[in-house]
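Student: Residue strings, one per chain:
Number of protein chains: 2
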Amino acid sequence: MAWVGRELRSTIDKNGTLVLSLDQVELTEPGDDEVVVCVEATPVNPSDIGLLLGPADLSHIEPPEGSQAPCLKLTVPPARLGAVAGRIGQSLPVGNEGAGTVVAAGRNAAALQGKRVGMYGGAMYADYRKINMREVIPLPDGASAADGASMFINPLTALGFVETARREGHKAIVHTPAASNLGQMLQRICLADGIPLVNIVRSEEQAALLRSIGATHVLNSKDEDFATRLTDAVAETGATIAFDAIGGGKLGSDILQAMERAAARTPGAYSRYGTTVFKQLYIYGSLDTAPTMLDRAALGYAWSVSAWLLFHYLPKAGPDVVQRLRQRVADELTTTFASHYTRTIGLAEVLQADVLRAFDRKATGEKFLIDPSLG
Amino acid sequence: MAWVGRELRSTIDKNGTLVLSLDQVELTEPGDDEVVVCVEATPVNPSDIGLLLGPADLSHIEPPEGSQAPCLKLTVPPARLGAVAGRIGQSLPVGNEGAGTVVAAGRNAAALQGKRVGMYGGAMYADYRKINMREVIPLPDGASAADGASMFINPLTALGFVETARREGHKAIVHTPAASNLGQMLQRICLADGIPLVNIVRSEEQAALLRSIGATHVLNSKDEDFATRLTDAVAETGATIAFDAIGGGKLGSDILQAMERAAARTPGAYSRYGTTVFKQLYIYGSLDTAPTMLDRAALGYAWSVSAWLLFHYLPKAGPDVVQRLRQRVADELTTTFASHYTRTIGLAEVLQADVLRAFDRKATGEKFLIDPSLG
Numbered sequence: 005m006a007w008v009g010r011e012l013r014s015t016i017d018k019n020g021t022l023v024l025s026l027d028q029v030e031l032t033e034p035g036d037d038e039v040v041v042c043v044e045a046t047p048v049n050p051s052d053i054g055l056l057l058g059p060a061d062l063s064h065i066e067p068p069e070g071s072q073a074p075c076l077k078l079t080v081p082p083a084r085l086g087a088v089a090g091r092i093g094q095s096l097p098v099g100n101e102g103a104g105t106v107v108a109a110g111r112n113a114a115a116l117q118g119k120r121v122g123m124y125g126g127a128m129y130a131d132y133r134k135i136n137m138r139e140v141i142p143l144p145d146g147a148s149a150a151d152g153a154s155m156f157i158n159p160l161t162a163l164g165f166v167e168t169a170r171r172e173g174h175k176a177i178v179h180t181p182a183a184s185n186l187g188q189m190l191q192r193i194c195l196a197d198g199i200p201l202v203n204i205v206r207s208e209e210q211a212a213l214l215r216s217i218g219a220t221h222v223l224n225s226k227d228e229d230f231a232t233r234l235t236d237a238v239a240e241t242g243a244t245i246a247f248d249a250i251g252g253g254k255l256g257s258d259i260l261q262a263m264e265r266a267a268a269r270t271p272g273a274y275s276r277y278g279t280t281v282f283k284q285l286y287i288y289g290s291l292d293t294a295p296t297m298l299d300r301a302a303l304g305y306a307w308s309v310s311a312w313l314l315f316h317y318l319p320k321a322g323p324d325v326v327q328r329l330r331q332r333v334a335d336e337l338t339t340t341f342a343s344h345y346t347r348t349i350g351l352a353e354v355l356q357a358d359v360l361r362a363f364d365r366k367a368t369g370e371k372f373l374i375d376p377s378l379g
Numbered sequence: 005m006a007w008v009g010r011e012l013r014s015t016i017d018k019n020g021t022l023v024l025s026l027d028q029v030e031l032t033e034p035g036d037d038e039v040v041v042c043v044e045a046t047p048v049n050p051s052d053i054g055l056l057l058g059p060a061d062l063s064h065i066e067p068p069e070g071s072q073a074p075c076l077k078l079t080v081p082p083a084r085l086g087a088v089a090g091r092i093g094q095s096l097p098v099g100n101e102g103a104g105t106v107v108a109a110g111r112n113a114a115a116l117q118g119k120r121v122g123m124y125g126g127a128m129y130a131d132y133r134k135i136n137m138r139e140v141i142p143l144p145d146g147a148s149a150a151d152g153a154s155m156f157i158n159p160l161t162a163l164g165f166v167e168t169a170r171r172e173g174h175k176a177i178v179h180t181p182a183a184s185n186l187g188q189m190l191q192r193i194c195l196a197d198g199i200p201l202v203n204i205v206r207s208e209e210q211a212a213l214l215r216s217i218g219a220t221h222v223l224n225s226k227d228e229d230f231a232t233r234l235t236d237a238v239a240e241t242g243a244t245i246a247f248d249a250i251g252g253g254k255l256g257s258d259i260l261q262a263m264e265r266a267a268a269r270t271p272g273a274y275s276r277y278g279t280t281v282f283k284q285l286y287i288y289g290s291l292d293t294a295p296t297m298l299d300r301a302a303l304g305y306a307w308s309v310s311a312w313l314l315f316h317y318l319p320k321a322g323p324d325v326v327q328r329l330r331q332r333v334a335d336e337l338t339t340t341f342a343s344h345y346t347r348t349i350g351l352a353e354v355l356q357a358d359v360l361r362a363f364d365r366k367a368t369g370e371k372f373l374i375d376p377s378l379g
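Sequences listed follow chains Z and L, in order. The C-terminal residue of the first sequence carries number 379 in our numbering, and the numbering is unbroken. The C-terminal residue of the second sequence carries number 379 in our numbering, and the numbering is unbroken.
The set of hints was computed from the structure by calculation and includes no laboratory data. Predicted, not measured: the structure shown is a model, and the values here were computed from it. Treat the hints loosely; a few may be bogus.
One copy or any two copies: either way a pair holds, since identical chains are not told apart in the list.
[Claimed, not checked] Straight-line alpha carbon distances no greater than 30 Å define the calculated DSS-like cross-link-like pairs of lysine-lysine that follow:
#1 LYS18 x LYS254
#2 LYS77 x LYS119
#3 LYS18 x LYS77
#4 LYS254 x LYS366
#5 LYS175 x LYS18
#6 LYS254 x LYS77
#7 LYS175 x LYS320
#8 LYS175 x LYS119
#9 LYS226 x LYS119
Construct the entire structure; sequences and hints are all you get.
Tutor: Below you can see the structure in the form of structure tokens.
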């Protein structure tokens, strides 16, 4: 038996033409350890958008003439081509995670037959996905595919932040942008685990949302007295680690400076080299692709700015930790790790210019879910 | 008995006036564990200049009217005052290290009487310095005060780089600006210890100087093909750690990108999140006080940019390591750790506007030594 369905692919050629296409693919029988899952829900995460659109210029989007398959053409400006040199000419499937129903199972995976599962591993923007049984987790009774669609990246990232902070000896955390699905999960984890969290948002609506789930430290970076309030919040909580998905500009630098100012309030802590309090900024996304501006004046000499990536963190954390985190996600799927979507679209809708532009805005609070059965 | 001499001090008041003055101070008898050293040579390091001049504007320097003592007034622009808030109103002695002859010794330090020693601990821009015996090291026979004046900061920093690189699992190092006294020491250490070193300089003269002491990888950042050559040198050596005293601008980012490009040459190493090869940039100075510009495009998600400071490193390294490093400096003082000075000045000359401006240029290859006996 075989399963025929659509699969979304993104290809950049050496001239900078990026083609998005919905290809017909045929899946053969699953191997002994494999299952075939009918995809019912798959989220649009920033990391998916990076793969889908690369550094393309979204002001010109054109459907190619005379094409049979659903297809769309974008252009990557020459200056940005170097950043994607490693993927030139490769037809890349998209979609890191999703959920659906097991429609076929190999010999060792028979127990999963007919079950609804969450899964992780790429190529989820498709009607069907064949996948190793170890990469799927059966959903709790009553959980929908939408509930399970985002049970890997955001939950494990939020849990990974808390594990990282603990392992590196920090007692409180700063997070931005804090009102995202991930940010809400992080706030719920921190409340449950007793870890003070300083949330930085960009609007009063986002602040209100976070307060409604129990956040006590919520700062709007657009407020005039933001720097002072941030320093106060950092001093009150003792936060010395921050996670930042914005990346570009000077917010990360501002956070480190607030930590240094807070540390310098301890009498005797100041020297001409700054305090000895170690301050860590992790950049885990790139919502703003502009360069990170690190103003070292008044920052001292005890700080680090590093990249944080789930796919680098998990192997370092080790299988025992990963298993513990996965179990917590499954146990608290519809509470701590509940995700919210503002719009559900079909697979073919991804090839619409206005949808792509909405993806590219990466606005906090705007979150897409793809349900291939919608078309 | 008492020793009366001059001591250079730097004071910034709350209005931003920075006063440099040569004060008369009187040193009393040394305690049991102390010695009094007649200072014969003390270098002008970037860290000294930071304390001496703060973020003052050197375009206006005026001698204050009617002052008795040698004295000079500078102005710190209001926008830069926040960076030195912790030192406002404090009269700070200057000069991290130096060398001289022990003219008085406490009971437990009697063996040092009459000896020429190198020493570390601040307030060295003075005629006399009273100091704990544990902060001095007797110079080898035949070594001059100039030989021993810089036996702490640069040698221990260069050795600290190599220790840090080894401890963190790196097999080759990138350094900039590489032609400094510190850079030359680092090259000699790396040659002795068999660690490949990629030197980045800003002129052909500096490149020639480094080659003359055995450097094989020397790159001029002003060359048009610098980025390509840096990538090649990094690929050839396997360098994944860099030490940078410039700090401002995009050179640090360029170095990390070269490391990432070099790592991506390994077939299969590329993914859309970059390679998994961890790249570390340490900023250990601030010759350029402008913000660090970190261009994260094409950098992947396995990197860290951190501050490196000798005074934070040594306590972390522990007393055994520090003792081993100090011993190596003493053993190789006039070879590996030889320092070169382009100009020797008296203590009073520090209060001359043209001398201060020469300090502030922080030009590689221009290095001042102060000999208080010259006036």
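Student: All the hints need checking, so say for each whether the structure fits it.
Tutor: Outcome of the hint check:
{"no.": "1", "hint": "LYS18 x LYS254", "in the structure": "between (33 Å within a copy, 27 Å between copies)"}
{"no.": "2", "hint": "LYS77 x LYS119", "in the structure": "neither (38 Å within a copy, 79 Å between copies)"}
{"no.": "3", "hint": "LYS18 x LYS77", "in the structure": "within (14 Å within a copy, 60 Å between copies)"}
{"no.": "4", "hint": "LYS254 x LYS366", "in the structure": "both (19 Å within a copy, 27 Å between copies)"}
{"no.": "5", "hint": "LYS175 x LYS18", "in the structure": "neither (48 Å within a copy, 35 Å between copies)"}
{"no.": "6", "hint": "LYS254 x LYS77", "in the structure": "neither (34 Å within a copy, 34 Å between copies)"}
{"no.": "7", "hint": "LYS175 x LYS320", "in the structure": "both (21 Å within a copy, 21 Å between copies)"}
{"no.": "8", "hint": "LYS175 x LYS119", "in the structure": "neither (40 Å within a copy, 50 Å between copies)"}
{"no.": "9", "hint": "LYS226 x LYS119", "in the structure": "neither (47 Å within a copy, 62 Å between copies)"}
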